[in-house]
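> So the protein sequences, as listed, match chains A and B. Residues 1 to 232 in the numbering used here are what the first sequence spells out, letter by letter. Residues 233 to 524 in the numbering used here are what the second sequence spells out, letter by letter.
Bear in mind the hints are in silico, worked out from the structure with no lab data behind them. These numbers come from a predicted model, not from an experiment. The C-beta atom is built at its ideal place from N, Cα and C for all residues, glycine as well. Do not take every clue at face value.
Listing some non-contacts, in silico: residues in chain B with all C-beta distances to chain A over 12 Å [as the list claims (entries may be wrong)]:
(1) A351
(2) E375
(3) V430
(4) I453
Here are the simulated BS3-like pairs of lysine-lysine, each with C-alpha atoms no more than 27 Å apart in a straight line [said to hold, decoys possible]:
(5) B:K405 - B:K295
(6) B:K364 - A:K12
(7) B:K270 - B:K333
(8) A:K229 - B:K364
(9) B:K460 - A:K67
(10) B:K247 - A:K229
Selected chain A positions facing chain B (in silico; Cβ < 8 Å) [as the list claims (entries may be wrong)]:
(11) N7
(12) I15
(13) H60
(14) E63
(15) E64
(16) T70
(17) L72
(18) H73
(19) S74
(20) G76
(21) S78
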Amino acid sequence: MCYQCINYLRTKNYIPPFSIFILFIVVNYTFVPNPILDSYSFTSIMLFFLMGWFTITVFHTEEEGQKVITILHSKGQSAYNRSLFIVCVAIAFCLSTVSVIYPTLIGAFSEPPSVLHLLMGFLSHFSLSVLAIALSAIFTRELIRDRQNTWWGVLSILIIAVVIATLKNVILQVKGLIWLLPPVHLVLEMMSSDDSLKYIPTVFYWQFAWIFIYSMLWIGLFFFFLRHKRKW
Amino acid sequence: MNTIIELQNISKQYKGKKVLENISLSVYAHQIVALVGKNGSGKSTLLKIIGGLAHPDAGVIDKHLPSLNIGYVPEVTPSQILFTPQEYLYHMGTISGMSRKQLQQRIDYLLTIFNMQEARHTRIVHFSKGMKQKIMIMQAMLEERNLLILDEPLSGLDAKAQSDLEDTLASLKDNGLSILLTCHETKLLENLVDRVLVIQNGQVSQTNPLHDTENHQNRVIFEISSLKSLEELLPFIEIQQQRSLNNDIKELIVTVKQEDTNTLLLALLHQNASIKQLLPTNRKKEEFYTHF
Ligand SMILES: Nc1ncnc2c1ncn2[C@@H]1O[C@H](COP(=O)(O)OP(=O)(O)OP(=O)(O)O)[C@@H](O)[C@H]1O
Ligand SMILES: [Mg+2]
């Protein structure tokens with residue numbers, strides 16, 4: 001795992017998405033003051049897309065030949081892929097923290113955000129990032145042969161996930177469907193709450209929890225496909 | 233001889249195309265076995281099955297040692313390893329769960345027997361192909377191994393790197409390792425290998441033309457002015473090539489059996505022929521090599 005981290009850092013594949021991330025954050029907060037939850041909501045969506053990019057690069061860090069060797073050493077491809085997921089989640093954690101802390105440090109908000117705001121902000125970034133990792137991993141080379149398809153697949157599923165959020169009313173007409181689709185809309189709704197929020201409603205915790213559970217289900221699906229790959 | 237691993241009736245097909253059919257073979261302790269065959273004949277597939285990277289469709293693999301430990305070196309060497317040998321081997325060992333101290337000792341040992349101590353702290357990307365290949369073998373040997381599987385270890389290496397690697401492999405064998413490798417390199421077969429298996433149309437057969445002395449022949453190249461004088465020698469020789477040089481002198485390339493060589497040479501000298509070259513050849517071996 002440590003190896004995966006160092007190897008990833010040395011490939012320098014992270015530079016393009018990382019610079020875009022920094023650029024977005026900086027540009028987004030050039031003009032002060034900003035509304036707190038609205039800004040967080042925007043950067044969460046941005047991070048959602050960038051995490052797709054990070055995930056692909058992490059999963060494709062090693063060359064095929066090296067991958068065979070590493071899997072041999074790690075005694076099984078599940079252990080191998082688990083470490084890749086951990087690297088992704090670690091990146092998600094760091095970037096979420098940065099996106100929440102940076103604007104507070106430079107005082108980009110009209111009023112200093114409370115702990116409640118910070119918590120909401122962090123949860124929204126982190127939950128969307130984890131969701132992006134889970135959705136993107138399905139399209140990496142483990143399961144999809146063609147590299148072209150990986151990029152298209154990730155891009156389209158991420159876009160679809162966001163579009164769903166706006167089409168929610170249409171989708172609600174088909175009962176139960178909303179539970180199958182990526183719950184990006186939950187974050188957007190929660191984050192459109194007013195900044196004067198005094199406490200976090202319990203339902204918010206459940207919604208965040210659902211996003212994590214939903215992501216876990218996709219990751220579970222990933223490992224399931226991995227094990228049954230031969231039949232595909 | 234101690235069998236360490238035995239394959240029985242292994243079959244494998246890809247998308248309905250049979251690659252291996254009912255293959256049975258054994259690998260013995262302290263032997264280097266070469267697997268040869270045309271491109272696409274299934275060499276890599278067989279090695280992957282033995283190494284446990286692919287599952288056969290049918291057949292069993294019998295390990296005769298309770299703790300048979302197989303190291304596998306894949307055919308494609310990764311070209312971009314962003315670590316130094318020390319770091320790379322250390323990471324790979326850590327991933328396999330070796331303890332730090334044991335691992336460090338092993339790395340020191342491997343760097344010594346592979347003669348790579350000076351390159352210890354140079355990044356592998358800057359290495360030559362031969363050195364990269366050594367690193368690949370070293371990573372497969374981090375843990376104690378009984379059998380080493382090498383898929384085309386010599387391809388792409390120049391003569392010097394090849395013979396360097398051959399020496400290393402020979403010393404590994406002396407240390408008690410069995411090695412199973414594929415190769416196209418004919419030179420390797422003679423110097424290093426104990427047994428050659430040919431894989432063809434999904435079948436493995438054992439040939440051993442290399443140690444068979446019956447077919448030893450010599451090839452003689454000489455110049456002579458009159459072909460007529462050769463007539464009495466014709467029963468002994470087989471003319472392979474003849475061409476005319478200037479002023480009626482002809483150059484001939486003939487082969488002759490080992491035991492007739494002296495007679496031929498004596499006769500030729502009597503006829504004022506001038507002998508240019510005398511080389512031992514092995515016809516069967518040549519036929520064998522033209523397979524690849
Ligand atoms: N993963 C795979 N999917 C489909 N077909 C495969 C796969 N791996 C190998 N094959 C087929 O099996 C056959 C044998 O391949 P293999 O790589 O074992 O040959 P080889 O003897 O190692 O060849 P080379 O000398 O080129 O290394 C080939 O015809 C190849 O097309
Ligand atoms: Mg091969």
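> It remains to establish, for every hint, whether it holds in the given structure.
Verification of the hints:
no.	hint	result
1	A351	holds (18 Å)
2	E375	violated (9 Å)
3	V430	holds (26 Å)
4	I453	holds (46 Å)
5	B:K405 - B:K295	holds (19 Å)
6	B:K364 - A:K12	holds (22 Å)
7	B:K270 - B:K333	violated (44 Å)
8	A:K229 - B:K364	violated (31 Å)
9	B:K460 - A:K67	violated (68 Å)
10	B:K247 - A:K229	holds (14 Å)
11	N7	holds (6 Å)
12	I15	violated (14 Å)
13	H60	violated (12 Å)
14	E63	holds (4 Å)
15	E64	holds (7 Å)
16	T70	holds (7 Å)
17	L72	holds (6 Å)
18	H73	holds (4 Å)
19	S74	holds (5 Å)
20	G76	violated (11 Å)
21	S78	violated (14 Å)
Of the hints listed earlier, those the structure fails to meet are numbers 2, 7, 8, 9, 12, 13, 20 and 21, in rising order.
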